[in-house]
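Q: The lines below spell out each chain.
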Amino acid sequence: MNSGRIRRRTAVAGALAAGLPLPALAQGAGPIKIGMSMPQTGGLAAGGKSSLIGIEVWRDDVNEKGGLLGRKVEMIVYDDKSSASETPAIYSKLLDVDKVDLIFAPYATVPTAPIMPLVKQRDLLLIGNFSFQVNRTVKHDKWFNNAPWGPADSWARAFIDLGMKAGADSIALIGADQEFAQSLIRIAKGLAEEKKLKVVYEQSYPPATVEFSAMVRALRAARPGMVFVCSYPPDSVGLLRAVNEIGVGESVKVFGGGMVGLQFSAVAESMGSLLNGVVNYNSYLPEKSMEFAGSKEFFVKYQKRAVEAKVDPLGYYLAPFGYAMGQMVEQAVAATKSIEHKKLADFLRTAEMPTIVGPIAFAADGERKESATLIAQYRGVVDKNIEQFRSPGKQVILSPEKWKTGELIQPFEKARKG
Amino acid sequence: MFSWELLLDAVVLGTMVGCFYAAVSIGLAISFGMLDVPNVTHPALLVLASYGAWLLGGFEIDPILAGLILMPLFFVLGIALYRVYHETFEKRGSQAAVRGLAFFFGITFIIEVGIIMAFGVDQRTVQAFYIGKSIEILEIRIPMRMIAAFVMALLLSGVLALYFNRTFLGRAIRAVAQDEEALRLMGADPVRIKQWAFGIATAVAALAGALLIIVQPVEPTLDRAYIGRTFCVVVMAGLGSMSGTLVAGIILGVAETIVLTMFGASWAPAISFTLLLIILGVRPQGLFGR
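Residue numbers (my numbering), protein chains in the order written: chain A, 82 to 499; chain B, 12 to 301.
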């Protein structure tokens, strides 16, 4: 044991003396270990579990093809309980105790943000998983966010442009007191200023808010032209219920924007017709314009596993992106014939990679070069029917132009009734 | 932005929200307020009952009716829980409360994990004719689900107040809360009375859990959001007072809603504990405590 330690010390000292770069993580001939935390309990669990199944489907597919560099892929996953306070310790354990070769970020912004300093300090490659602007201040050059957002303002810009085109000249901003929501609200506020839109109502609310009727009343009294909402799953449901009960008034042309949760099938099924008219973001939809190589086969595999695991049975929102994370790593490893983080990062920075969610290319800040965020409007949704969401037409894509499948119906109160 | 109309709206809606807070706290007012049992499992029992209401909703059973159906089951569950707590902690001495806290936290985690394993982590909601609709009274649109919560909270606190004041067993429960030893000297068995009372507290949680899923979607760990709020209502009321719990709930609901409407939602959660500190500063025994 002592001699082993001395040998390792000697090797490290030798490498330092020779000025050689040390490998970031342990490498060997066994399986390639990919470590991550994933929300499997708590508020983000529905998304985390769905995303994890997507990644597991990729792992099994790649192992069936012989693995990466002839080595099997093994995943080490811990539950971060949807909590930001859990992830730094989990990633330290993954790196120092489990000695993983590569790391994937957990699903969502909140658990990812606290591991960014650690990742930058150790100069590691990190593939993000639906985070929003977590690298804005850290500026890590080996960060690649697997999410459709693209440039920071593209998401809010697409929504605001739609609203302005519909005739809105004022905006209301509602957002949860959370990292993701506040970042998006800040960007939307900046855009409103740039486009000379009057902000007539602005409200942040804490995560434990139970009842939204009072907020919707105040919103209605402000008579906004459009309402940009950035909410988390329980709040999205509460807000939509309150909107349906109180109404937002005839002035509102477009309502929605960044409501997380409506993309999950259990929520969509339970909300049913209350969704009609809402213009919200999404990442993948079963529309004709979004059929890419491998996507159909993926959903057959995913949906079988999801039913067994009691997870989102449709899985359009996160699962295919989980698979795409693996596809990108697979292409990077195949091209560089290495799992060295620097080489993989260099490849990811320059390549355009075909995946089951379409081609992905990254900009210098690690976000998508071009936004692939869908802005879609719910149409003709009926109550208590999950199957309806498998067919095209229930969420008509309004933006981006290349995948557009219909035009906006407005004002919101009229669209709501259809 | 201030307007009298918005203020009136906030007071009306706040009263409804407050009644809902009272309904979800009233079981705790019995178990913690009257019996001195550190029942931190109460919010988890609410969530468990919500899932029960959701399950029964699959058979087209109205959530409130589902809550009533679940009450006897939860009554038995409450008796069993208290029995275990009493045998393993309470009768062993003065450190019982601290160790009991660990016991109830343990039960909470078991319930959370059990729900996750049985139903997954997705949010669940129920449907009923009064969910998603509102009625207009004096130009104020009030969500019907909040009216349902309001009426049920009034009924629940009224029935329980009558029970504790007018029935033999009810008065025995109040007696055990005041002086357990004196009750024992009179030949009554305080443990059996406490067991019965804990059963009632848990049965009430079943109905309150049904109200919870009527008011908002539930997920397995939602109980954590209610631990602070329910304990705040019970302590503010003065431990064990039924009418006090209703009044404390309404004060909290109105204050939160006014702050949310007039000053911003971010301030609303701070209100409960600010009010609690002020009230305990002025009346350490709580609003209706003796």
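If you are wondering where the hints come from, they were derived from the structure by calculation, not from laboratory data.
Built from N, CA and C at the ideal position, the CB exists for glycine as well.
Be careful, since some hints might not be right.
Heads up, incomplete: computed chain B residues facing chain A, CB under 8 Å, no partners named [as the list claims (entries may be wrong)]:
{"id": "1", "residue": "Ile-118"}
{"id": "2", "residue": "Gly-131"}
{"id": "3", "residue": "Gln-134"}
{"id": "4", "residue": "Val-226"}
{"id": "5", "residue": "Thr-232"}
{"id": "6", "residue": "Val-265"}
{"id": "7", "residue": "Thr-268"}
{"id": "8", "residue": "Phe-274"}
{"id": "9", "residue": "Ala-276"}
{"id": "10", "residue": "Ser-277"}
{"id": "11", "residue": "Ala-279"}
Q: Does each hint fit the structure? Answer for all of them.
A: Going through the hints against the structure:
{"no.": "1", "hint": "Ile-118", "verdict": "violated, 17 Å"}
{"no.": "2", "hint": "Gly-131", "verdict": "holds, 3 Å"}
{"no.": "3", "hint": "Gln-134", "verdict": "holds, 6 Å"}
{"no.": "4", "hint": "Val-226", "verdict": "holds, 7 Å"}
{"no.": "5", "hint": "Thr-232", "verdict": "holds, 5 Å"}
{"no.": "6", "hint": "Val-265", "verdict": "violated, 11 Å"}
{"no.": "7", "hint": "Thr-268", "verdict": "holds, 5 Å"}
{"no.": "8", "hint": "Phe-274", "verdict": "violated, 11 Å"}
{"no.": "9", "hint": "Ala-276", "verdict": "holds, 3 Å"}
{"no.": "10", "hint": "Ser-277", "verdict": "holds, 5 Å"}
{"no.": "11", "hint": "Ala-279", "verdict": "holds, 7 Å"}
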